[in-house]
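One letter stands for each residue in the lines below.
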Amino acid sequence: MLSVSTLDSEHLQLRPTNRPPRPVNKKMRLKESGSVAAGLMLAPSLIFLCVCSIYPFIWIFRYIGYDYNGFVARPVGFRNFTRMFSDVTFWNSVLTTFEYAFWKLIIIIPLALLMAVLLNQKIRGSSFFRGAFFMPTVIATSISGMIFTFIFATQNGILNNLLQAVGLMGSPINWLMDQNFAMEAVIILSVWAGFGNYMLYFVTGMTSISEDVYESSRIDGANAAQTFFRITLPMLAPVLKVVLMLAITGAFKDYEAIMVLTDGGPGSRTNVMFLYIFKLIFGTSTNARMQIGYGALLSLMAAVIVGAVTIIYNLVARRLDDVV
Amino acid sequence: MTDDFENSILLAYQGGTAPDLVGQSIDVKNFADIGAIENLRPYIEKDEEYQKVNEPFTHMFEGLNAIGDEIYWVASGIRSGVRIEYNKALLAASGFDSIPASLSDYVAMAKKITEDGAAKDPVTYGIGFTSSSPFERQLEMMAQVSGVFYYDYANGRFDFSGYKPFLEAGRELVAVAYPDQQGVDNMRAQFAAGAFALWGNASQEAGVFTNQFPITDFEWGVAEVPSLTGEIKGALQTNPNKGYIMMSSSKNKDAAWEVIRFFQSEEFLVGYMEGGNDLPITAYIDERLDKSKMGRLGDYSLLPYESVYPAVPSINLTGDNYRTVLWNAIMGYVDIDAAIEDLNTRYNQCYDDDIMYGSVRRLVIRDYDPMHPSAGTAEYLDQ
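Here the protein sequences come in this chain order: G and Y. The first sequence maps to residues 1 to 324 in my numbering. The second sequence maps to residues 1001 to 1383 in my numbering.
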């Protein structure tokens, strides 16, 4: 039998012994395994998780079978469920959310990766640009929305003036009131507000790739593209997977900036599902009461949708891992 | 705070930290349902001076400040109904000197001003709309004075059918309007800069165009909103304000009542109104004001056909609200007839379901008079 106590530190050899194991009581075993310390360290996070996440979840979901306006809760059986399945506005908002998330992800991830690669080079001013691109992340979402109302203004708007000045268009575009452009406008805003954050994750991932690997590739004569696709991208894969998952869940939950910029319009063109749910729960409609019960049910459905998308992504990512 | 005020007060009440008094901008029915607010009638009945100045029994509005005989707040002021604010110079340049009484003439005027403004540098327009509840600020009020309202009080149903001509006129107006529909303040700034001639909003604009975006480069006028035919067939909605609600959790109710008495005393109200801060709701205060001191607020004096509408039942609505849908119809995102049919179906379906589940009761005013909407007798039915 082998025992840890017989480890010879000088010769790094394990010797057989006939000595019986030292009796260890339960307390000591716990202490030695570090469970107490781990429990203590986890306690604050667990408490916060329970109080700030699990409890509100339970609190709101107990109302899914109620008509609750914040004052009085009346049981309504399955009414909220039947409403949900016939709620055209909600299902349209789900489709709009998919469209918005698709375009946002298609743009934001490659852009963040590209900027991360560029700014990871040892070039002058890269720290400044990292800071500048990250800056929108720390600006309040509602403020971003307001800033972009000025940028997208048809008359005297910064973007239209710029595009006209460089000759890219003749007459100004009505970005926020034209159904052909409103989605583009909210995607531009969300990409601007979010790509700096993902860029920083990628930069952090890249700094963990050993310089020796790059040096070897240079000796082997790899060019920049080969270095990126054969070394950087594969070694960044774990970070990329996490960033993609965060980006997917984030894109499906976006609504604050959209609320400020277009309020879901024009004509529901940018009415994403969480914006619709927000309006239901907080009763911002004329003569419509706060619908906490129905809103809770739609939140649950939205969580199921986002969860399903995340699971599908994880399955695909795992398959890709096997292929790679 | 003003943002999500009602929710903040509810949270404070439930947490035992509610103030003694709150402003009147909360849903009285909701708070009365849970016994969170105090019936002021016992205090009012003992106070003759208060009754003389504030006329509380004359200004009882079912569901708004009173439920049955119980009075939860008393209004001192009133926000006027919507008016048309107009740029006199732009009107004059197109040969107009006043706002017409009929909607068709109003549309024609907006078109003419836009046509004439196309040659100017910078280009000017006939009319401007905001992105913030645009239907409410002009066309809905034109419908009101034409006798069209979205709730049929006499039959206790929602009915949007009467809006069709206003939506069609709205399409014509939008086609010639200033091309942006931004937030209210942005559009006010554009009006003050002379970018368009016609703007619609209530008496708060007196202060806006005097202090916030002072208009100095042209004269601006204030006019009544046009009606469909030029004839007034319905009351224009006004909003009573400057009232105070006593929370039932207050431990200083007598002292709180004294505070209400002070803010609704003759001495305070006359100074407040003459300062151009609000319009009086009572005849007593109105008679005592030196209107020359009120500035442009004097242009918004109440019209004989302005009134307070009984609170329309608040329902669990599925989908977009009527203002959004009707504006979408004006903008051409949905067909006008389809929009009206959708609203009639959806609102009444939700209303019927709410009544069936006991969430709300059907409001019927059998002797309803569109010129005097608050004069009828309200009945609440369970069917």
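Please note that the accuracy of each hint is not assured.
[What the hints assert, rightly or not] If we take Cβ atoms under 8 Å as the criterion, some of the chain Y residues that face chain G in the derived model are: (1) Ser-1008; (2) Leu-1010; (3) Asn-1030; (4) Asp-1033; (5) Gly-1183; (6) Val-1184; (7) Met-1331; (8) Tyr-1333; (9) Asp-1335; (10) Asn-1348; (11) Asp-1352.
[What the hints assert, rightly or not] Just a sample of chain G residues kept apart from chain Y, beta carbon distances all over 10 Å, derived: (12) Val-36; (13) Phe-71; (14) Val-72; (15) Val-76; (16) Ser-86; (17) Val-88; (18) Val-94; (19) Met-115; (20) Ser-127; (21) Asn-174; (22) Leu-176; (23) Ala-225; (24) Asp-263; (25) Tyr-294.
Just so you know, the hints here were simulated from the structure itself, not pulled from any lab data. Here a beta-carbon is modelled for each residue, glycine too, at the ideal position from N, C-alpha and C.
Outcome of the hint check:
no.	hint	in the structure
1	Ser-1008	violated, 12 Å
2	Leu-1010	holds, 6 Å
3	Asn-1030	holds, 5 Å
4	Asp-1033	holds, 6 Å
5	Gly-1183	holds, 7 Å
6	Val-1184	violated, 12 Å
7	Met-1331	holds, 6 Å
8	Tyr-1333	holds, 3 Å
9	Asp-1335	violated, 12 Å
10	Asn-1348	violated, 13 Å
11	Asp-1352	violated, 12 Å
12	Val-36	holds, 37 Å
13	Phe-71	violated, 5 Å
14	Val-72	violated, 6 Å
15	Val-76	violated, 5 Å
16	Ser-86	violated, 8 Å
17	Val-88	violated, 7 Å
18	Val-94	holds, 14 Å
19	Met-115	holds, 32 Å
20	Ser-127	holds, 37 Å
21	Asn-174	violated, 6 Å
22	Leu-176	violated, 8 Å
23	Ala-225	holds, 45 Å
24	Asp-263	violated, 7 Å
25	Tyr-294	violated, 7 Å
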